[in-house]
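A.B. asks: Those sequence lines, one after another, are chains E and H. Anchor point for the first sequence: position 8 equals 10 in the working numbering, and the numbering is continuous, going up by one each time. Anchor point for the second sequence: position 92 equals 94 in the working numbering, and the numbering is continuous, going up by one each time.
Check before you lean on any hint, since a few could be wrong.
For identical chains, the list gives no copy identity; a pair is met inside one copy or between any two copies.
Okay, derived cross-link-like pairs now, BS3-like style, lysine-lysine, Cα gap no bigger than 25 Å in a straight line [stated by the list, open to error]:
1. LYS168 with LYS250
2. LYS17 with LYS227
3. LYS168 with LYS224
4. LYS264 with LYS168
5. LYS124 with LYS68
6. LYS75 with LYS181
7. LYS230 with LYS124
8. LYS227 with LYS75
9. LYS129 with LYS187
10. LYS168 with LYS181
11. LYS129 with LYS168
12. LYS264 with LYS46
13. LYS10 with LYS52
14. LYS187 with LYS168
Treat the hints as calculated values from the structure; they're not laboratory data. Quick caveat, the model's predicted, so the values are computed rather than measured.
2 protein chains.
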Amino acid sequence: MPRHAILKNYDSLKKEGKKSRYSENIAGILHSIYYECLDLLVTKPQEDLKSLVAGKNYFAFSNGNKLSRAINKDLFDPDIARWEALHRAIHSNDVNDFEADEITKILYSMAISFCASIDLLKDGDQKTPGTFFEYFIAFFFTWRVGVEPKSSIQILNIDGENTELKTDFVYNLGPNSRKFHMPIKTSTRERSIMLWAHQKLLDGVYGTERFMGTPVLLAETKRDKKKKEVVEICLPEQWRVYQLYIAKLKRIYYLDTPEVYKGLSNVFPPLIVRPFGEFFFEWSELTPS
Amino acid sequence: MPRHAILKNYDSLKKEGKKSRYSENIAGILHSIYYECLDLLVTKPQEDLKSLVAGKNYFAFSNGNKLSRAINKDLFDPDIARWEALHRAIHSNDVNDFEADEITKILYSMAISFCASIDLLKDGDQKTPGTFFEYFIAFFFTWRVGVEPKSSIQILNIDGENTELKTDFVYNLGPNSRKFHMPIKTSTRERSIMLWAHQKLLDGVYGTERFMGTPVLLAETKRDKKKKEVVEICLPEQWRVYQLYIAKLKRIYYLDTPEVYKGLSNVFPPLIVRPFGEFFFEWSELTPS
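Chain E on its own, in the form it takes in the complex (with noise of 0.2 Å):
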């Protein structure tokens, strides 16, 4: 079988991703992916899930036995037309005509269709969606700050061994500026504590919070297929303990943001969980507390 043009273009992705993470031919990629992706969905039936979420209601892609997994309602707006008006604003430089929300849902609708797709499209494949989804986000990010990532650090090493250890990416903006810490996941699950044990790395190697740690994730969702049902996998007790005993994050960014986690700015510590949109905007104004 031929590999479908939605997975071409993930490859001409990559390919491009390792010259840079943000470029023109980037984001034509990225338009080709999503238009392909919308092609294929909009062939296919919707099954609406039971949203056991208060307040969201999601929906699912199905195609034969295989069903997407959950799709926010509210945030799922698939005109193509909304992000050729974003790619122009970010070529010209100026998002400021769009709200953080709007900016939100452009991103969600771009990324849950890609997921989507891939969830029809191959079994059981959660690999994909995940580097897809980290070229995507560092696109953007990258555009933003106006640097390139480096995804390894130098280890200082008094005993003139080399160490250079793999990390999430890291955007350095020069002495005496901004620095950031930006681990990209599809969702943390049971594995979160890795963000607050990698900005711990950090902070030991390079002084705390010299790196301001701040994760963008997609969604936490979780759908049942025979139940046809969504949760969220939230842990908001665990992440405050984290947040105290381990390393301080400085946002953690989702597209799809679970509603528990933003109550986690009012406790001691605080835990500041807000939509990616919102870093357009609050970037510059980021600082090491």
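Chain E is already provided as a structure; the job is to place chain H on it using the hints.
C.D. replies: Structure of chain H alone, referenced to chain E:
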């Protein structure tokens, strides 16, 4: 299809394990499981795997188009009489007639028999082997240290909330006595940083090294089904960095110890990785350094 005898016994193990981690009932269930697993495996063809791990040889059991995980030929000695002898020694509270390596082999043979059986009976089930391994290792650890573990800790909270944090097993031998923090996993792969992060949490809540971190792992092998090859996924440089910048683990025990990790005891910071059989003899000498 009626539930296989192995799985029925596994259900009983979970039920009994909820009452107590060490009991004669559990010993009896482990015996039945081992017996049933060997009974199943003896009827299945063995296939040699191409080992890319220096000094180790592996094979797998097959069942139609299913192939079990890799089994270390030198460690696998499916002789139920050896377990019976160990069981008698444990029952009479004296294992001094056993060598550490012999205990490691007996435990490896039991654990891998169960995992391989599940690989052949079910489809891509990682949860059942993982849960079994937890009950299995906890049985021996609990006998050895003489107290039952807990799997949650109380977090000090000055604002009157009651925060109970779910953890890996913690064993508290009493005031001014040893306390162990013991995650149990069949492998760590790219999630190994979680071992150190959980240790860091306990260090934060109760004081550095008040609980000694002594994780127990089965193996780090990964076999490619098509190529019939086995590799070990090891990250010694990353482990050093975790031990330097996140927390200190006292020991890491394996049933099939990766050779490359053994070298970590000779570098700074020392990290001692040993076969689990050693724990039976050194546990009472371990002290927070």
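A.B. asks: So, for every hint listed, does it hold in this structure?
C.D. replies: Tested hints:
no. : hint               : in the structure
1   : LYS168 with LYS250 : both (20 Å within a copy, 20 Å between copies)
2   : LYS17 with LYS227  : neither (34 Å within a copy, 28 Å between copies)
3   : LYS168 with LYS224 : between (29 Å within a copy, 21 Å between copies)
4   : LYS264 with LYS168 : between (31 Å within a copy, 22 Å between copies)
5   : LYS124 with LYS68  : both (9 Å within a copy, 21 Å between copies)
6   : LYS75 with LYS181  : neither (35 Å within a copy, 50 Å between copies)
7   : LYS230 with LYS124 : both (19 Å within a copy, 24 Å between copies)
8   : LYS227 with LYS75  : within (18 Å within a copy, 40 Å between copies)
9   : LYS129 with LYS187 : both (11 Å within a copy, 22 Å between copies)
10  : LYS168 with LYS181 : within (17 Å within a copy, 33 Å between copies)
11  : LYS129 with LYS168 : within (18 Å within a copy, 28 Å between copies)
12  : LYS264 with LYS46  : neither (34 Å within a copy, 54 Å between copies)
13  : LYS10 with LYS52   : neither (34 Å within a copy, 33 Å between copies)
14  : LYS187 with LYS168 : both (16 Å within a copy, 23 Å between copies)
Checked against the numbered hints given earlier, this structure breaks hints 2, 6, 12 and 13; the rest are met.
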